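From these two lone chains plus the hints, build me the complex, please.
Those protein sequences? They're chains A and B, same order as listed. Under the working numbering, read the first sequence as residues 38 to 139, first letter to last. Under the working numbering, read the second sequence as residues 90 to 488, first letter to last.
Honestly, the hints are just simulated from the structure, not real lab data. Since we're looking at a predicted model, the values are computed, not measured. Quick reminder that beta carbons are idealized off the backbone N, C-alpha and C, glycines included. Please note: incorrect hints may appear among the correct ones.
[Said to hold, decoys possible] Derived lysine-lysine pairs resembling DSS-like cross-links, with alpha carbons at most 30 angstroms apart:
no., chain 1, residue 1, chain 2, residue 2
1, A, Lys44, B, Lys243
2, B, Lys137, B, Lys407
3, A, Lys44, B, Lys337
4, A, Lys123, A, Lys111
5, B, Lys243, B, Lys137
6, B, Lys407, B, Lys381
[What the hints assert, rightly or not] Taking CB as the label site, the calculated pair distances span:
no., chain 1, residue 1, chain 2, residue 2, range
7, A, Asn106, B, Ile341, 42 to 50 angstroms
8, A, Lys132, B, Ala329, 55 to 63 angstroms
9, B, Pro287, A, Asn42, 22 to 30 angstroms
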Amino acid sequence: MGTRNYKRKTSHSESGPGDGGRTGSWRVERPVFDQSLCIPCKRNKEACFICWLFCPEIVISRTIPPKVNLEYCKGCGICAEECPTKAITMVDEAKFTEEDKD
Amino acid sequence: MHIIENGNVAAALGVRLCRASVIAAYPITPQTPLTERLSEYVEAGDMKAEYIPVESEHSAMAVCIAAASAGARVFTATSANGLLYMHEQIQWAAGARLPIVMCLVNRAVGAPWNIWNDQQDSISQRDTGWMQVYCSDHQQIIDSVIKAYWLAEKVNIPIMVCYDGYILSHTYMPFDVPDQQQVDAFLPPFRPDYILSPENPANLNTVTLPDVRVDVHGELAHGYMEIRYLLQEDMRTALAVAADAEKKFTEIFGRGGNPYLEPYRCDDAEFVAVGIGSMTYQLRVSVDALRKEGVKVGVMGVRFYRPFPDEAIANALKGKKGVIVFEKALSYGYEGALASDLKSALYEHLAGTGDLPTVQNFIAGIGGRDIRTEDLTQYLRAATQSRVSKEPLWIGLKL
Numbered sequence: 038m039g040t041r042n043y044k045r046k047t048s049h050s051e052s053g054p055g056d057g058g059r060t061g062s063w064r065v066e067r068p069v070f071d072q073s074l075c076i077p078c079k080r081n082k083e084a085c086f087i088c089w090l091f092c093p094e095i096v097i098s099r100t101i102p103p104k105v106n107l108e109y110c111k112g113c114g115i116c117a118e119e120c121p122t123k124a125i126t127m128v129d130e131a132k133f134t135e136e137d138k139d
Numbered sequence: 090m091h092i093i094e095n096g097n098v099a100a101a102l103g104v105r106l107c108r109a110s111v112i113a114a115y116p117i118t119p120q121t122p123l124t125e126r127l128s129e130y131v132e133a134g135d136m137k138a139e140y141i142p143v144e145s146e147h148s149a150m151a152v153c154i155a156a157a158s159a160g161a162r163v164f165t166a167t168s169a170n171g172l173l174y175m176h177e178q179i180q181w182a183a184g185a186r187l188p189i190v191m192c193l194v195n196r197a198v199g200a201p202w203n204i205w206n207d208q209q210d211s212i213s214q215r216d217t218g219w220m221q222v223y224c225s226d227h228q229q230i231i232d233s234v235i236k237a238y239w240l241a242e243k244v245n246i247p248i249m250v251c252y253d254g255y256i257l258s259h260t261y262m263p264f265d266v267p268d269q270q271q272v273d274a275f276l277p278p279f280r281p282d283y284i285l286s287p288e289n290p291a292n293l294n295t296v297t298l299p300d301v302r303v304d305v306h307g308e309l310a311h312g313y314m315e316i317r318y319l320l321q322e323d324m325r326t327a328l329a330v331a332a333d334a335e336k337k338f339t340e341i342f343g344r345g346g347n348p349y350l351e352p353y354r355c356d357d358a359e360f361v362a363v364g365i366g367s368m369t370y371q372l373r374v375s376v377d378a379l380r381k382e383g384v385k386v387g388v389m390g391v392r393f394y395r396p397f398p399d400e401a402i403a404n405a406l407k408g409k410k411g412v413i414v415f416e417k418a419l420s421y422g423y424e425g426a427l428a429s430d431l432k433s434a435l436y437e438h439l440a441g442t443g444d445l446p447t448v449q450n451f452i453a454g455i456g457g458r459d460i461r462t463e464d465l466t467q468y469l470r471a472a473t474q475s476r477v478s479k480e481p482l483w484i485g486l487k488l
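Excised from the complex, chain B in its bound form (with noise of 0.2 angstroms):
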């Protein structure tokens, strides 16, 4: 069924679908309405949950990881300083290896404070061992939350699935809500291979020496190390079964495609602009006015994060005169994450080759700060004619 609404409702209409039992999450802005819409479907009965209020977003997550060790399919939401408050919880989530699915709603973090968006916050939790997706549009984002369950649950890794706050999170667009019996048919229910019960009592991540131990049954057990590979290991083995999450839910609902990435008039381009999220459909427009005047121009959307599609990517960008990267995040030092990101990944598989491109790193949109078309449209252009700057260039800056 299509219909019109806000990001935020987009989320939370997914997370009904998935048959989610239980809730826990604080309100953030702009995260907020998507955890009240959830909490309105379960006292309305319209959604069968626990929605379990909490003090702070650290207790969300911990709710989330008890529930989701005693076998619940769990869900939370949050945004930048509820992000962070909860970045010890989301480390423990990850070597817990728990299936746990979360909305972050894209927006800057103090100090100063701010509420409006950028990447920064998730962006910083690019090392926690949990995969990130990247939404740029409200059918991006009910169907990410579906595929999200699926990959999560089939690698035992958890995701967050990320959207723009305001941009996505509180505007209003069309999209297809699915039908409950097609979501069913895609997403089986939650069946984990072990879950905590009174019956067979046990530790669950306790201390864990370096070194591996004999359990009590006598078998050779895990030490921290072979544990954290473990998970290095199935994050990327996740980039196939992402592929193949893709494709079932496009067999299933007739859209989709490209798991990691959304080129746009990439093909014969001999410049290409990289994004994540909203910024990327933004840079389409400006991709069109470019090619009116003749510049071989394109955009590419980055969707998965991590695990980071390195291959895809330097398969997509392979050849190009240029490689220009928007960023509304920043590694504080440096440069842009996906700048670093991106390089390492031309690197190691264009290395020598001929097709290695060179990459322009530009930063926009900090803080809120408003992203004109034109500032896009004419620091893509001048990228395309020369190097604009060694560092990072912060567009729309008024120092």
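If we strip away everything but chain A, and leave its shape as in the complex, we get (with noise of 0.2 angstroms):
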């Protein structure tokens, strides 16, 4: 099935998720969350979010514990920048199995 019926001839995005095409395929590094150290898994409160905040793609979830799209995350590597308390990690794609990749 092609685009031979799509309504517009142009290129044409509005806002909500993935209207970029499936950008977590870009991705050569993952954000891992060690929960010991994330101020809200830790204590079990709506606090922080520093990385929900400052992710450009919109992908990290303002929940406890964040959860991380990774069908649209990038892995440029914000949020591990800019935690607070050094809960993030990337981690190179390859330590995944395929299975847990997208």
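So this is what it looks like as structure tokens:
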């Protein structure tokens, strides 16, 4: 099935997840959370969420624990850089098994 | 109403009659009097439009892109290096499928700096995804502007209406200015399928991946390649739509006919001179002179250059002994772009039939070098007798 009947003949995107395509495939490093260091996880309270605030792709949830949508996480590492307790580590995608990959 | 005016005014009157609502332009010789005239119309209240003075041609086209995206009928005009400065946005307008109409007053490009006429500027924009139509007199300028809006808005592809600097832009000749009522009957108000508005925010033409994608509504949307293919497909379809435009125009205004070509004494001709723009009218004088000598020769103007009317051209030249292509532009390192395109059309449609004419290429009037009718006659005569040169031959060169 192709795009012959798509309503437009131009590139047109509206705000919403994934309208730039499945950008998670660009990732070479994946953010991994250490819940023993993560402030909201440790205290079980809505707090910090610096990672959620800084994520330029809006793929980190404001939840306990914070979750990363790997479909669209490009692996930029800004969350790991900004995390005040160093709870996020960027791990080489090659370390994950084929099943873990998306 | 018949008036006597210059070619730039003919274009300005056409734009006014089409009720363009946003005009953004930067002055450059020989286009300047056209945009000056439009700014006067707006200032005097003779034209209900927003005139946006900009700091460059690049910005002029950017304004046109934004305004057309928001549903305005827009206009701009430029020449030569202004066109080249606009080049990035020109390609953008085509990919964004905006029906922008631009008058291109043909002028030589630098270096060296030169303000006189040739057609290197517009021919260099051949592959941008814009339609290109060329004019040979003032009536064609005003009529082409009106038809251009109709066509562009039907196929959602921008169009350049090109005419020779000075030779047409600054000379005065009589032409008919249609009534507003006639133009309104021909050209409906611009109602695009999609209008960008604050109520429905969207990103237009942002990063588009090589492959297709599922959009936020779950529909499979085009990748870059599909969008570009559709531009090509619609460009080819635009040939037939241009014929519709011509037919409708002829019904309402009583002039017109062949949307692609302008043949003169070609029916029984053995040799046909082919060119673009005002030079083809000058060649008519040479054709008349050679006919008196008994040389069976005609001349054919190519009015539509993109999309290229390959089939119409091949049909018109089928069985001729020779075709002589006169050009005011060159694809440096090879030959005139029209000569190449024309050979391609002849090969595609006539190869192996025995009806394939030979093709010679003459380059003339580069940087405004005077084109003398007797020179055209002499070279045209020589080309009917033998192959003058394998390489494109520069007429009037004083090396």
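To see whether the hints hold, each was checked on the structure:
| no. | hint | in the structure |
| --- | --- | --- |
| 1 | A:Lys44 / B:Lys243 | 16 angstroms, holds |
| 2 | B:Lys137 / B:Lys407 | 49 angstroms, violated |
| 3 | A:Lys44 / B:Lys337 | 28 angstroms, holds |
| 4 | A:Lys123 / A:Lys111 | 19 angstroms, holds |
| 5 | B:Lys243 / B:Lys137 | 23 angstroms, holds |
| 6 | B:Lys407 / B:Lys381 | 24 angstroms, holds |
| 7 | A:Asn106 / B:Ile341: 42 to 50 angstroms | 58 angstroms, violated |
| 8 | A:Lys132 / B:Ala329: 55 to 63 angstroms | 58 angstroms, holds |
| 9 | B:Pro287 / A:Asn42: 22 to 30 angstroms | 29 angstroms, holds |
Hints 2, 7, counting from the list given before, are not met by this structure.
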